[in-house]
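Participant: As a plain string of letters, each chain reads:
Number of protein chains: 2
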Amino acid sequence: MYERKIPLNLNCGLDLIAEVLYGKWKIRLLWFINEGYKRPSELQRKIPEASRRVLNIQLKELEAHELVSKTIYAQVPPKVEYNLTEFGETLLPIISMLGKWGDENEERLRAVIVKQTTSP
Amino acid sequence: MYERKIPLNLNCGLDLIAEVLYGKWKIRLLWFINEGYKRPSELQRKIPEASRRVLNIQLKELEAHELVSKTIYAQVPPKVEYNLTEFGETLLPIISMLGKWGDENEERLRAVIVKQTTSP
DNA sequence: TTGCATAGGGATAAATTTATCCCTATTGTA
DNA sequence: TACAATAGGGATAAATTTATCCCTATGCAA
Chain A
962 MYERKIPLNL NCGLDLIAEV LYGKWKIRLL WFINEGYKRP SELQRKIPEA SRRVLNIQLK
1022 ELEAHELVSK TIYAQVPPKV EYNLTEFGET LLPIISMLGK WGDENEERLR AVIVKQTTSP
Chain B
962 MYERKIPLNL NCGLDLIAEV LYGKWKIRLL WFINEGYKRP SELQRKIPEA SRRVLNIQLK
1022 ELEAHELVSK TIYAQVPPKV EYNLTEFGET LLPIISMLGK WGDENEERLR AVIVKQTTSP
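Protein chains in written order, with the numbering used here: chain A, 962 to 1081; chain B, 962 to 1081.
Mixed in with the good hints there might be a few duds.
As the list claims (entries may be wrong) - Here are the computed distance ranges between Cβ atoms for each label pair:
(1) Glu1065(B) x Val1015(A): 21 to 31 Å
(2) Glu1050(A) x Gln1036(B): 45 to 55 Å
(3) Gln1036(B) x Gln1005(A): 53 to 63 Å
(4) Tyr1034(A) x Lys1061(B): 15 to 25 Å
(5) Glu1067(B) x Pro1054(A): 12 to 22 Å
(6) Pro1009(A) x Lys1007(B): 36 to 46 Å
(7) Asn1044(B) x Ala1035(A): 57 to 67 Å
(8) Asp1064(A) x Thr1046(B): 11 to 21 Å
(9) Arg965(B) x Asn970(A): 43 to 53 Å
(10) Gly997(A) x Ala1035(B): 56 to 66 Å
(11) Lys1031(A) x Glu1050(B): 33 to 43 Å
What the hints assert, rightly or not - Footprint (simulated), chain B over chain A, 3 or more residues, beta carbon under 8 Å:
(12) 971-983
(13) 988-994
(14) 1020-1030
(15) 1043-1056
(16) 1059-1068
(17) 1071-1077
Unchecked claim - Cut-off 25 Å, straight-line C-alpha distance, at most; resulting in silico cross-link-like pairs (DSS-like, lysine-lysine):
(18) Lys1031(A) x Lys1007(A)
(19) Lys1076(B) x Lys1031(A)
(20) Lys985(B) x Lys966(A)
(21) Lys985(A) x Lys1061(B)
(22) Lys985(B) x Lys1021(A)
(23) Lys1076(A) x Lys1061(B)
(24) Lys1061(B) x Lys1076(B)
What the hints contain is simulated information worked out from the structure, not anything from laboratory work. Here the structure is a predicted model, which means the values were calculated and not measured. Glycine included, each C-beta is placed from N, C-alpha and C at the ideal position.
Generate coordinates for the entire structure from the input sequences, incorporating the hints supplied.
Facilitator: Take a look at the structure:
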């Protein structure tokens, strides 16, 4: 794993939650797992823009942070399932709120984001 | 400014909010501005781990995304003030919720984060 | 027998974000 | 006169995160 050179600072609640939720796909992974897409291959199909590799890595981090649990079924072809832990479930209202804010302000957000990206 | 090579994908609300809130210091900037630390130098003092440079850059992005407004006073030495826009204020409940979750789970989060960082 | 589905990881390159360092300008103070 | 405070930005290096490519293994279906 990558060895950090600049120490993390974990001063407040915002630092702490950032540490477990930062990661391009983590929030989406939590959300889809909650919606019932529990197997890596299902998640990969739900998030085709992400490579299988990153999803694996981020799932592993979510697991290390105890937000999801992993079950490996001893069968062939292999079967693995992720589930939210109780701890992970406590994030659902937050994720839902984030998504809702984004959806409610979709038009405006698209406008300002595009303007910034394509400004002269 | 940096010219993006991989196109953004802005499919859902989660993508949209991520686009404006990602950035190591953005959430904190919004929070402190709301608490009354409106001048760049004040913000810098509140967030000493960040360099002045990054704060400027992230403030600029927040402004471009219409979450904060900037007022320049024509005086010397220069005085600048940032304020949340009405739009920016709608993020406060979300930020508050994020911080609260982090605070409430502080102990557990520190444990899992440290474990992951220092694992054998 | 070739190919697909399953799941996972190593090695390395590329993209993106932050960090550092330096320079501009003005007024007041030691 | 030298330095601090104010605000801001260019250039470049470093850190960090993602993307790509390749390899392992097994059993089933065409």
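Participant: Does each hint fit the structure? Answer for all of them.
Facilitator: Hint by hint, here is what the structure shows:
1. Between Glu1065(B) and Val1015(A) the beta carbons are some 29 Å apart, a value that agrees with the proposed interval 21 to 31 Å.
2. Here the CB-CB span from Glu1050(A) to Gln1036(B) is close to 53 Å, well matched to the stated 45 to 55 Å.
3. Taking 53 to 63 Å as the suggested C-beta distance range, the pair Gln1036(B) and Gln1005(A) conforms, at roughly 57 Å.
4. The given range of 15 to 25 Å is broken by Tyr1034(A) and Lys1061(B), whose C-beta atoms sit roughly 37 Å from each other.
5. Between Glu1067(B) and Pro1054(A), the C-beta spacing of about 18 Å keeps the proposed range 12 to 22 Å intact.
6. Between Pro1009(A) and Lys1007(B) the Cβ separation comes to about 41 Å, which falls inside the hinted range of 36 to 46 Å.
7. Take Asn1044(B) and Ala1035(A): their Cβ atoms lie about 59 Å apart, and the range 57 to 67 Å holds.
8. The given range of 11 to 21 Å is respected by Asp1064(A) and Thr1046(B), whose C-beta atoms sit roughly 19 Å from each other.
9. At about 28 Å, the beta-carbon gap between Arg965(B) and Asn970(A) misses the expected band of 43 to 53 Å.
10. Distance hint for Gly997(A) and Ala1035(B): a CB-CB separation of about 59 Å, consistent with the stated range 56 to 66 Å.
11. For Lys1031(A) and Glu1050(B), the hinted distance range of 33 to 43 Å is satisfied, since their beta carbons lie about 40 Å from each other.
12. With a threshold of 8 Å between beta carbons, the proposed coverage of the segment 971-983 of chain A by chain B holds, since 11 of its residues qualify and at least three are required.
13. Look at the segment 988-994 of chain A against chain B: 3 of its residues bring a Cβ nearer than 8 Å to a Cβ of that chain, three or more, so the hint holds.
14. As drawn, the segment 1020-1030 of chain A meets chain B at 4 residues by the rule of a beta-carbon pair under 8 Å; at three or more, the given contact holds.
15. Counting residues of the segment 1043-1056 of chain A whose beta carbon lies closer than 8 Å to any beta carbon of chain B gives 6, which meets the minimum of three for the stated coverage.
16. Against chain B, the segment 1059-1068 of chain A contributes 9 residues with a C-beta closer than 8 Å to a partner C-beta. That satisfies the three-residue criterion, and the hint holds.
17. Coverage of the segment 1071-1077 of chain A by chain B holds [criterion: at least 3 residues with CB-CB distance below 8 Å; count 5].
18. This hinted pair checks out: Lys1031(A) and Lys1007(A) have alpha carbons roughly 18 Å apart, not beyond 25 Å.
19. Note on Lys1076(B) and Lys1031(A): the hinted pairing holds, with a Cα-Cα distance of about 18 Å set against a maximum of 25 Å.
20. Only pairs whose Cα atoms come within 25 Å are accepted, and Lys985(B) paired with Lys966(A) is accepted, the gap being roughly 16 Å.
21. Straight-line distance between C-alpha atoms of Lys985(A) and Lys1061(B) comes to about 22 Å, which keeps the hinted pair within the 25 Å bound.
22. Pair hint Lys985(B) plus Lys1021(A) holds up; C-alpha atoms about 22 Å apart against a cutoff of 25 Å.
23. At roughly 33 Å between alpha-carbon atoms, Lys1076(A) and Lys1061(B) are farther apart than 25 Å, so this suggested pair is violated.
24. A hinted pair counts as satisfied when its Cα atoms are at most 25 Å apart, and Lys1061(B) with Lys1076(B) qualifies at roughly 22 Å.
Checked against the numbered hints listed earlier, the structure breaks hints 4, 9, 23; every other hint is satisfied.
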